[in-house]
Amino acid sequence: MMNASLDTDIVIHLYKSGKKDLLFSSFDELFIYEYLFETEMKTKSLQVYEEFKKDIESGHISLITNAKLVEMGIKGLFEEYKESNKYLFDIGELHAISLAKAMGIVAFVSDDTKEEGPHQTLVKELIQGVIPFAFYELLFLKYLDSQISVQEMFNSFEEVNSASMSAHPMNFRTKISLTVRRFSRKYGSTRDNDWLDTYCKARDIDLKSKMIELKMFIQSM
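In numbering that gives the first Met the number 0, the protein residues as written are 0 to 220.
Please keep in mind that the hints were generated in silico from the structure rather than gathered at the bench.
Predicted, not measured: the structure shown is a model, and the values here were computed from it.
Just to be clear, a hint being listed does not mean it is correct.
Claimed, not checked - Computed cross-link-like contacts, DSS-like style, restricted to lysine-lysine with a CA-CA straight-line distance of at most 30 angstroms:
1. K43 to K74
2. K185 to K200
3. K41 to K85
4. K18 to K214
5. K19 to K200
6. K15 to K53
7. K81 to K43
8. K185 to K209
9. K123 to K214
Build the full structure now, drawing on both the sequences and the hints.
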């Protein structure tokens with residue numbers, strides 16, 4: 000596993016749908032910058048804010064403040080990343096990605112629904128050294144590792160969709176097809192292919208058989 004910098008949207012989606020364990024089981028450590036927690040999350044969902052606060056207090060998530068960045072000696076680096084990428088991202092996303100870059104965190108976790116949003120920008124590797132994951136991609140990885148069945152992957156997707164994404168619903172077939180395309184040898188990047196190869200080898204995953212099963216499921220929908 001690896002560490003992850005959290006964006007506000009995926010936290011709200013997973014906490015509202017009762018699926019926050021997807022974050023804890025997918026990564027070693029979770030980090031969030033104080034602006035996203037104290038400003039964005041508090042404004043968008045006070046209920047999620049209060050539950051998330053308890054997870055910070057219990058040590059499940061690390062809240063990174065400006066004082067902490069200064070203490071680590073990377074506040075200047077954080078500000079440099081913010082300045083150099085300020086035209087690519089919204090303010091919340093900018094903070095989360097800059098935190099990942101400054102701290103050397105590999106994963107940026109976000110469920111943005113915008114066309115050509117931060118997830119897609121990072122998939123295209125316009126920012127080096129940070130790999131993006133959406134909630135449905137985390138479910139896809141759980142499926143590959145046989146932690147959940149393909150039916151359970153679909154059910155969990157729909158639970159998140161109905162609980163917290165009614166304004167901008169996602170389509171399972173579309174998102175999972177895009178995920179498969181992203182990690183395919185034909186269409187995906189070398190970075191993503193190498194990462195998935197390492198993931199599968201470490202877990203003795205038969206990727207071909209998993210893809211056949213997933214294809215049959217999608218075709219039957």
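Okay, the hints, checked on the actual structure:
no. : hint         : in the structure
1   : K43 to K74   : 27 angstroms, holds
2   : K185 to K200 : 20 angstroms, holds
3   : K41 to K85   : 23 angstroms, holds
4   : K18 to K214  : 25 angstroms, holds
5   : K19 to K200  : 27 angstroms, holds
6   : K15 to K53   : 15 angstroms, holds
7   : K81 to K43   : 23 angstroms, holds
8   : K185 to K209 : 17 angstroms, holds
9   : K123 to K214 : 25 angstroms, holds
The structure is consistent with each of the numbered hints, conforming to all of them.
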